[in-house]
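Let chain A serve as the given structure and place chain B on it in line with the hints.
Protein chains: 2
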Amino acid sequence: MTQFPKKNLFYIPDGMIYLDGNSLGPIPKAAPAAIQNMLTGEWGEMLIRGWNNAGWMAQPSNLGNQIAPIIGAEPDSVAVGDTLSIKVFQALAAALNLNPDRCKILSDNGNFPTDLYMAEGLIRTIGKNHQLVTVDPEEVIDQIDADTAVVMLTQVDYRTGRLHDTKAITNAAHAAGAVMIWDLAHSAGAMPIDLAGAELAVGCTYKYLNAGPGAPAFIYVRPDLANKIQPALSGWLGHDAPFAFEQNYRPGKAIERMRVGTPPVIQMASLQVALDIWKNVNLTELRATSVHLSERFIAGIEANCPDLTLASPRDPNARGSQVSFAFEDGYAAMQAIIDRNVIGDFRAPNIMRFGFTPLYLDETDIDAAVEIIAEVMTSKSYNIAKYQTRKAVT
Amino acid sequence: MTQFPKKNLFYIPDGMIYLDGNSLGPIPKAAPAAIQNMLTGEWGEMLIRGWNNAGWMAQPSNLGNQIAPIIGAEPDSVAVGDTLSIKVFQALAAALNLNPDRCKILSDNGNFPTDLYMAEGLIRTIGKNHQLVTVDPEEVIDQIDADTAVVMLTQVDYRTGRLHDTKAITNAAHAAGAVMIWDLAHSAGAMPIDLAGAELAVGCTYKYLNAGPGAPAFIYVRPDLANKIQPALSGWLGHDAPFAFEQNYRPGKAIERMRVGTPPVIQMASLQVALDIWKNVNLTELRATSVHLSERFIAGIEANCPDLTLASPRDPNARGSQVSFAFEDGYAAMQAIIDRNVIGDFRAPNIMRFGFTPLYLDETDIDAAVEIIAEVMTSKSYNIAKYQTRKAVT
Chain A
1 MTQFPKKNLF YIPDGMIYLD GNSLGPIPKA APAAIQNMLT GEWGEMLIRG
51 WNNAGWMAQP SNLGNQIAPI IGAEPDSVAV GDTLSIKVFQ ALAAALNLNP
101 DRCKILSDNG NFPTDLYMAE GLIRTIGKNH QLVTVDPEEV IDQIDADTAV
151 VMLTQVDYRT GRLHDTKAIT NAAHAAGAVM IWDLAHSAGA MPIDLAGAEL
201 AVGCTYKYLN AGPGAPAFIY VRPDLANKIQ PALSGWLGHD APFAFEQNYR
251 PGKAIERMRV GTPPVIQMAS LQVALDIWKN VNLTELRATS VHLSERFIAG
301 IEANCPDLTL ASPRDPNARG SQVSFAFEDG YAAMQAIIDR NVIGDFRAPN
351 IMRFGFTPLY LDETDIDAAV EIIAEVMTSK SYNIAKYQTR KAVT
Chain B
1001 MTQFPKKNLF YIPDGMIYLD GNSLGPIPKA APAAIQNMLT GEWGEMLIRG
1051 WNNAGWMAQP SNLGNQIAPI IGAEPDSVAV GDTLSIKVFQ ALAAALNLNP
1101 DRCKILSDNG NFPTDLYMAE GLIRTIGKNH QLVTVDPEEV IDQIDADTAV
1151 VMLTQVDYRT GRLHDTKAIT NAAHAAGAVM IWDLAHSAGA MPIDLAGAEL
1201 AVGCTYKYLN AGPGAPAFIY VRPDLANKIQ PALSGWLGHD APFAFEQNYR
1251 PGKAIERMRV GTPPVIQMAS LQVALDIWKN VNLTELRATS VHLSERFIAG
1301 IEANCPDLTL ASPRDPNARG SQVSFAFEDG YAAMQAIIDR NVIGDFRAPN
1351 IMRFGFTPLY LDETDIDAAV EIIAEVMTSK SYNIAKYQTR KAVT
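As they're listed, the protein sequences go chains A and B. Residue numbers for the first sequence follow the working numbering, beginning at 1 and rising by one. Residue numbers for the second sequence follow the working numbering, beginning at 1001 and rising by one.
So that you can see chain A by itself, here it is in the shape it has in the complex:
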């Protein structure tokens, strides 16, 4: 565990213990200068010529190739762009494309809502007999049947941190002739990932990857399938010859066809800085350190905060990189804890959520966080009006 933490690479405000990297990672110290350079040196000096001369046009593929090893993917199988919601739509449309005679989209009720919402929108748009079926996470494998076109799951539950077994579920999906989509939003950059032959995967870069608020998403297509997909979102940058300005769409080569519109160049500059850090991260060690920190946190909270009930799986092998506790007055309690500069977050109805990201957290942080949380819980300092008013927090 010698490589962690890499605190010197990130800016964390003085005195803050940041346990919310599972929602938005902190800023890499190198980001402001790199983005400044993109703004003045590229946009400012090159203007339109930046698309070629600064390599903006190739960035979605270049960045995809840097994300690939983080998610256990082959080279040239990942494209960056858009938002995770859009990439879910793209992946799901592609999956139905690959499995046109079946109607059931199977997911679980622990999936992040936008995945389910985007499926609803796609189904309504198609207007045929497709059905979105959501079951309890434990029941997914049993519910994969001969009518299942696609199994679409988020690997790590955003509320509880429960971790799906990608291999077992992907195998079950394939055995039944279903296509598998993994949403890696809460696992990319949290642990080594086994795509297990899944056809498609999507994920975001502003959580564990630390690329900044609104950083673009990514999509993975298994290389043997990429040329078979007719993209639903057939934008000009996914065209085989975008600058020929042909009247008809011809899909680009392989993963290139999953590009849609003009890529967000400033956000991509930020993503590049974030990915530079990942070149030197050993994911197995990262995961071990994350488990170590999480276990230490759970032990500390359970010893000092009897009102909090572990809502995450106790077995670290069944969890992602976050730990959640249930508490009826969790929203107010989290506000009080945040006011003490320990940053976690709250997810309705009663989940207090904490993320453990070894890149910028160590044992000292964990112990300090436990102490502050215990003080808030013991003193019930959350029990005042200013913490009891509900606000939206992402």
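Simulated from the structure, these hints should not be mistaken for laboratory data. This structure is a prediction, so every number in the text was calculated from the model and none was measured. Careful, some of the hints might be misleading.
[Said to hold, decoys possible] Straight-line C-alpha distance at most 25 angstroms; calculated DMTMM-like pairs for lysine to aspartate or glutamate:
#: 1; chain 1: B; residue 1: Lys1128; chain 2: A; residue 2: Asp101
#: 2; chain 1: A; residue 1: Lys128; chain 2: B; residue 2: Glu1120
#: 3; chain 1: B; residue 1: Lys1006; chain 2: A; residue 2: Glu45
#: 4; chain 1: A; residue 1: Lys253; chain 2: B; residue 2: Glu1120
What follows is chain B alone, placed relative to chain A:
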């Protein structure tokens, strides 16, 4: 014309005459500091709390409300996000939603290809009898019939600058019971716009609005219809209560439902700087100045470059803010001109394109550009190998 140019607000490299603001606007001088402040002061210091405390979550609507007056739209009718390709898809799906019993999508062969490509993808996804019909720009009105579900046009042709009459065409569409979508990519920020009661409009912010490479797009929905649309791209940030994390999608109020995923916060900071400038721009004066500069350019080129043939309408009222000339060896000629620091661009097969944006151009620039272009054309200095190799330029 006293208010133009506003050259002091933009950075243009020394000696460059930038006639490509119709493709990518130059950087506002205030952008680097404002973005730096967002990075360090907001992402850096606030981290996850930036969504509320720095107002990131409300930015798509706030920015939309600043774009509204530029495109002649009502307050609370514009949302910012995604790319223009995605917004075209959204608008077209919404239009078909509003006109479910008709099958024809009418466009013209001067539309920007991604609009046509996205229509193709939507039609394939729906899998019913919808048909994309593209006709010559002059024939659009005659081709609107009782089967036309939607007329989808880009107001200003990206190659020739030909300007559609929004009022005449929108009226014709409505008279036939069709829904009207205007793509304002090449008109937003180029001239006053008359939406003429069109149901939907889309546009981008990195051209005349100067928000930077990959800046987000926008979508307009006529306020009386916004609550009737069931979004095809039903993402969580278009949900009525995104942070309730409900299992089912319930569309948000009015234009809010056209939001999809997490907005690109860094790009939005850049867009905010760009829109600050537009608060003080009189669009009628802007248009008059643009026409004046364009006429001066055309006169200069026609007097000095007999090899170039005007490919734009001669009547300035029938043109947008760009002027194109046809020339068989136009790609090479444009490379030679760019090498002399006059920046226009090339569009296949033979179009040399120049944009006239009064915010940072004046008569002196036009005269200097004409002189350089004339030198290149007269000397045939483009007739050497390095200019004859074809490269993609956006």
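Hint check:
1. B:Lys1128 <-> A:Asp101: holds, 16 angstroms
2. A:Lys128 <-> B:Glu1120: holds, 18 angstroms
3. B:Lys1006 <-> A:Glu45: holds, 19 angstroms
4. A:Lys253 <-> B:Glu1120: Distance ~18 angstroms between Lys253 (chain A) and Glu1120 (chain B) Cα, so the pair holds.
Every hint from the earlier list agrees with this structure, and none is contradicted.
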